[in-house]
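Protein chains in written order, with our numbering: chain A, 2 to 342; chain B, 2 to 342; chain C, 2 to 342; chain D, 2 to 342.
Hints are not guaranteed to be accurate.
For chains that are exact copies, the list does not tell them apart, and a pair is met inside one copy or across any two.
To be verified - EDC-like, lysine to aspartate or glutamate: derived pairs with alpha carbons at most 20 Å apart:
#1 306 to 8
#2 105 to 230
#3 198 to 20
#4 306 to 200
#5 23 to 245
Hints listed in this document are in silico derivations from the structure and should not be mistaken for laboratory results.
Number of protein chains: 4
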Amino acid sequence: MRALVLDGGFGFENLNIAERAKPEPGPGEVLVRIGAVSLNYRDLLLVEGSYNPRQQMPVVPTCDGAGIVDAVGPSVTRFAPGDRVVNGIAEGWIDGPPDALGLKTIRGGPGGDGFCADYVLVPERALFAVPDHLSLAEAATLPCAGITAWCAVVEHGNLRPGGTVVVEGTGGVALFATQFARIAGARTMVLSSSNEKLDRISEIGVDATANYVEVPEWSRAVRERLDADGADLVIELGGAATLENAMRSVKPGGTVALIGNLSGSHAPLNLPLAVMRQVRLQGVTCGSLGDMARMMAAVATHRIKPWVHEIFPLDRYRDAFELMRAGGHVGKIVIALDSGG
Amino acid sequence: MRALVLDGGFGFENLNIAERAKPEPGPGEVLVRIGAVSLNYRDLLLVEGSYNPRQQMPVVPTCDGAGIVDAVGPSVTRFAPGDRVVNGIAEGWIDGPPDALGLKTIRGGPGGDGFCADYVLVPERALFAVPDHLSLAEAATLPCAGITAWCAVVEHGNLRPGGTVVVEGTGGVALFATQFARIAGARTMVLSSSNEKLDRISEIGVDATANYVEVPEWSRAVRERLDADGADLVIELGGAATLENAMRSVKPGGTVALIGNLSGSHAPLNLPLAVMRQVRLQGVTCGSLGDMARMMAAVATHRIKPWVHEIFPLDRYRDAFELMRAGGHVGKIVIALDSGG
Amino acid sequence: MRALVLDGGFGFENLNIAERAKPEPGPGEVLVRIGAVSLNYRDLLLVEGSYNPRQQMPVVPTCDGAGIVDAVGPSVTRFAPGDRVVNGIAEGWIDGPPDALGLKTIRGGPGGDGFCADYVLVPERALFAVPDHLSLAEAATLPCAGITAWCAVVEHGNLRPGGTVVVEGTGGVALFATQFARIAGARTMVLSSSNEKLDRISEIGVDATANYVEVPEWSRAVRERLDADGADLVIELGGAATLENAMRSVKPGGTVALIGNLSGSHAPLNLPLAVMRQVRLQGVTCGSLGDMARMMAAVATHRIKPWVHEIFPLDRYRDAFELMRAGGHVGKIVIALDSGG
Amino acid sequence: MRALVLDGGFGFENLNIAERAKPEPGPGEVLVRIGAVSLNYRDLLLVEGSYNPRQQMPVVPTCDGAGIVDAVGPSVTRFAPGDRVVNGIAEGWIDGPPDALGLKTIRGGPGGDGFCADYVLVPERALFAVPDHLSLAEAATLPCAGITAWCAVVEHGNLRPGGTVVVEGTGGVALFATQFARIAGARTMVLSSSNEKLDRISEIGVDATANYVEVPEWSRAVRERLDADGADLVIELGGAATLENAMRSVKPGGTVALIGNLSGSHAPLNLPLAVMRQVRLQGVTCGSLGDMARMMAAVATHRIKPWVHEIFPLDRYRDAFELMRAGGHVGKIVIALDSGG
Ligand SMILES: [Zn+2]
Ligand SMILES: [Zn+2]
Ligand SMILES: [Zn+2]
Ligand SMILES: [Zn+2]
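For reference, chain A alone in the conformation it holds in the complex (with noise of 0.2 Å):
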C-alpha cells in the first residue's frame, strides 16, 4: 500500500509517496482503508521543521481521515467491514479536561504515524460512523478543524441562543465556528480581507460581515453591525495583528478563543484591557473524543456540511500543500486517496 512519508530530514524535498505493507488489525483494532484525509496549518509546519524540530522519522503525515472499514480485529464490536468511519484526533484523549499524555497521542506528529496512506489501523473507540449525507472527502475535516471550532463554540463559548459570535477569516475552523455557533442559536459576524469571500460563505448563513482591511478598527463595526453590548464569543484567528481588536469586541466577561498559531509568534496582551473588561482568553486545539461523539450527532442532527475548498488525488499532495501555503483558500482542502474522496 501506499504511504505519504516524511523520512531524513524536513522539507518538501523528503516528503514521498513510499510503499509500505499492509497491516493487520489486533484486538480492538480497525483496519481502515483510507478514502480522503485534509489537511491542517500543522501538517505544513510539521514538514516544514516548525512544529517540533524533534519530530521523530520516518513519519506519516495528517492527523485527519476517513474511510471505509476494511477489517477488524477481535473484540470490535461497533463496527463492521463496509462502514464509512471517520477518526477521533486524539485517541488517548477519551472525554474530561484535557489530557497531557492524550495530547500526545495525535498522529501525524506527537502520536506517531497519521492518515495519508492507504490502509491505517485505528482504535475501535477513536472511530466514528460517517453521517449519510456527507462524503469522505467532507468528513475527513472533522477530526482537526471541525473539533477545534465545536470545542471553542461550544464547550468553551458559554453560549446560549440569542449570544453573538465574531469569527476571524474564513478557514477551515472559521466555517466550521460560524456553523457551529448557527445551530447553538447565536448570531454572527465573519471577518475577512477579501469581500469576494465574504460573498461566497453567505450561504452558510452569517447576520454579519466586515472587510478588516477596510475597517481596521473593527472591534468599533462589531457593536454597530452585530451586538452594541459587544460579543459573547470571538474566535481568534488572526494572531498578533488582532487580538487587541478581538479583545475590544467583547463584553465584560466574555471570551476570546485563541486558536492556531501553532508556530513562534508573541502577540501583545493589552493586560489594562484584558483586567478591566474581565475577557476571558481560551487556548484551545483539538478536543476528546467525548467531544467527537458530541459534535458527530450535531453535524448530523443539522446536516452541517464541511466546506472544502479543492480534493487533490495523492500524487498531487505538493499542489495541496503549496495552496495551503499561499493561504487563497476558503475551507478546508482534501487529499483523496482512493476513488472514496
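Position chains B, C and D with the ligands relative to chain A; hints supplied.
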C-alpha cells in the same frame, strides 16, 4: 465632617482634607460612620490621573470602607445603628456575570465619591455585617482586594481539594488568594523577590515558595516544588515580566488569573503556548454583591485574618499613599478615620 | 382605573373588577398602561386558595404583564412614554442563583399586587422592551411561562447542539420549552394525550411525538423515535403520573426538569433508578431578571412566537379562568386590558 | 490462588472460597496481589440476588481492591512490582460525564469478576498509587464509597468555602462525604440515630450534629445549628424516610445528593417543594477514573484517613457480610486477603 477630596486637577497637591456636610439617609439607605478605608493601587492611579484621565472632580477616593451604622433610612431592615458593616464594591453589580452598568458603580472613581470620609451613605443591599473576629481596619481590606482574590480563586479557579495554586507576590490580593486557596483545599506556592517576605508570610500556610530573582525560570520550580504536572491556577499579578512563566507553570487546561495591571502596559503573549497547552487566561477585577456575600461567609467560617501592613490616621494620608507607591509593604495599607480603625 | 381584585376570601365569588386610583411613578419607577396579562396555573390556585392559604387580601392576581409606558419617574433612563414593555417576574431576583428574598417578590401573590389592572407601577430594572414581532398579548406570556421554560432548557438543560429533549404536554411552558430547545440546536419530542393537539403544534418544529395514552410506556418510544441512548433532558410537567417514565427516558447523567405541580401532590420517586442512572431532577420555577434579559435576546433573534390559545377581554375574566381549569387549551390564555391586547 | 465465588444460585450457601489459577498479565495489564477488599452494600445485594436477578455466575464479588503489584505486562510504564495500588471502580468510564458503557464495567457484578481473590488482573489505566499514609485496608475503601462521596460533594455539590453540608448517617459514604466537605472549606452537620456514634465521629471535624430519632423534623435543626438559610448540600442516604426532610433542609437552588438505595424502594417526592425551592436532586453512584485521580490527589494532600470499622480475614467473610447486613458499623468493613490488610 471630613472627607479626603481630589479637586482641581490630578496629583497629590490637589488631594486634601475638606469639610463636607453630613448626609442623611433616604429610603433604603444606611449612613455609615466610617472607621477605616483601605488603599488599592487603583487609588494611587486615580490621584495621579492614569486610572481615568477624564475623572470628574471633586471626587473622594477609595472603594473600600468599614464602619458603624449611624442611622438608617426608611424601609431598611437588615441593619440598625451600632452594627459594624463593610461595603460591597460594585453597588450595581448584584450577582451573576459581569455587568457593564454594574462595573461603573465602583465608588471612588467611576461610581462617584468613595469612602474616605467620616460619614458615607450606602444602599442597604451593598452592606455586609463585619464578623466578630475582624477589626474595622481588617474588614476594610475585603471589598476590593479580598473580593478580587476570591473571584480569581473560587469563581474562576476551577479548583478542587488537592489542587494547586501559584501566587505571585505578597501584596493584598496575593495574600488573600493564598488564604482562599488554602480553605478551598489547595496547596499553594508563593513567589517573591524577597526571602524575608517569604519568611514572614509562612504563617498563613504556604506549601512552597520561590524567590523569582534567584530562580528566574520559576515555572520549573513550580513543577519541582508544588505539582509535577503543573499548577491548576496561577494568580498572575506581575504583568509583562511574569506572564510567560505563569503560562508555563500551569497544566494543560489550567488557568492564569490576570489581576492588577490597571494602567498602560502590554505583555508579550506566547500564542502557541496558550493554544497548545489550552491555557485559560482570565481577567479578574472585583466581584458582585453575591460574590461578596459568599466570601463573607467563608471569611467568617474560617476566621480569615486579612494582613494589614500598617494603619495610618487620616491626616497622614500622604504617607499611606507614598508607602503604596514605594511598594515595600506586605498585605494591605489602611487609613483609619476615627477610633474604629 | 380598573383592577381585578380578590378580596374577602378565596373563590371566584370574591374575584371582582374594582375601581382603584391611578398610581404615580416615584424615583426609578415606570407607570405602565397594561395591554395584556397572561394566566398561569398559579393564578387559578391563588384564587382557589391552594397556592397560599395565608395570602393577604385584597390582592390583584397575575404575575405577567405587557403594556405601554405611560409615564416615568425621576432617574429612569431606559424607557420613555410610548415604549412597549413587559415585566420580569421576580423584581428582587436580579441575577445569579435563586435568591430566597428575590423569590418572594413575584407579583400577584407573595410580592403584592399583580398586573391585571389598567395601570401598574414597575421598577425600571424589571422592565424589558417588547420586540417588534410580538403583540402585547404574546409578550405577556413570557415573564412566567417563557422564563420557566428558558431556565429549564437553557440554564439547567446542559444541552449542546445535537442534543435531545422530551416535552410533556402542549401547555404554555411545554410549547416554549420546545421552541427554546429547537433554537439551542436540539431535537425534540412532544407527548400529549391528544393526536389532534400533536398535529396542531407540528409547525413549531417537532422531530417526534407520542400519544402517552396510546403508548403508556413512552420511555421506550423516546428511544425508538428520538434518541437510542435516551434523551438529554425531559421537561416533566405531568407529576406523579409521568415521573417514572421521565426518569426512564433520559440517558445516564441526564436531567429531568420538574416544573408546575405547585399544589399538594407527592409523586413516587424510584430511588434506585435515580441513583444507578445518575439522574438529575431539577426543580424549576421562574428565573432572574438576568435570565429574562438573555431570553428576550433569544426571542428577538429567533422571532419566537408565543402560542396564544385565546384572548379574553377583561370583563370575561371568569371565562379565562374557567378555560384554564378545564385544561383543553394549547399554549397560553391571555386577558386583554385595553386595545393593546 | 483463592477467590471468593458466588456460583449455582444466590444466597450465602452459594458463596464459597474456591481455588483458581493465578492469571498472567497481557499487554497493558498489571497483576495485583490483593491485600484488602472493602464491602459495599451492593455486594450484599449481589449475593442475595436483589442487585441484579440476572447476574451471570460464577462471579467473584467486591468492586474495591488494594494490593501490591506482582507483575506487569508488556507496555505497562506507570507501575512496577512492589508498588502499592488501588483500583478505580469503572474501568471503562475514563473521564467526563457518565458513560452508559463505562458504567457496565464495574467489577464484582456487571463488569465481571471482582477483587476478592489473591491475585487480580487490572488494566494499567485503572490503577492508582496508594499514598504512604494509608494501609491497604484503608485504601480499599476508596474506589466505591470514597469516589461516590467525592462526586457527590466535589463534582455535584456546587460548594464554595464557607458552604454548608448535611450528611445522613455514619456509614462509609457518609464519613467520606463529611471529610471531603471539610477539606472543601464547608461546615458540616451529621445526623445519626445514635448519640454514641455521633460522639465517636467528632474527631473528623463535625460542626453540628442531630439525632434524627430525637429530632424527627430535623430540617429545622439544620437551620438552627448549621445554616439559617438552609444548607447548600444534603448527602441523602436514608431514602424514603428522610427525603422530605432533606429537601426542606436546603436553601433555594440547593442540592440533595441521592446515594445508596440500590434496591427496590420508592420514596414519596414532594413535587411542589422541589419546584418552589428549585431543589436539585442528583443521583450519584461511583465516578470516573479521572474523578479517582483527582480524589487521590486530595486524599494525599489532606492525609484523609478512611474510617475502617473492622477488618476480617478472608475465611471469616460470612461474618463480614453479616455485619454489613446488621448495619451497626461506623465507616467501612474490610476483608484482608493476605498480610497486606
Ligand atoms: Zn489538530
Ligand atoms: Zn477595586
Ligand atoms: Zn410564575
Ligand atoms: Zn460501587
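Task: Within, between, both or neither: residue 198, residue 20 at alpha-carbon 20 Å - done: Answer is neither: 39 Å inside a copy and 64 Å across each miss the 20 Å cutoff.
Task: Alpha-carbon proximity between residue 23 and residue 245, which holds within one copy, between copies, both or neither at 20 Å - done: neither (50 Å within a copy, 45 Å between copies)
- [ ] First find the shortest C-alpha distance between residue 105 and residue 230 inside one copy, then the shortest across copies, and answer within, between, both or neither for a cut-off of 20 Å.
- [x] between (40 Å within a copy, 14 Å between copies)
TODO: Check residue 306 against residue 8 for me: Cα-Cα at most 20 Å, and say if that holds within a copy, between copies, both or neither.
DONE: neither (35 Å within a copy, 54 Å between copies)
- [ ] Could you place residue 306 and residue 200 in one of the four classes (within, between, both, neither) given a Cα distance threshold of 20 Å?
- [x] Close inside one copy (18 Å), not across copies (31 Å); limit 20 Å.
The structure does not agree with the numbered hints 1, 3 and 5 stated previously, though it agrees with the rest.
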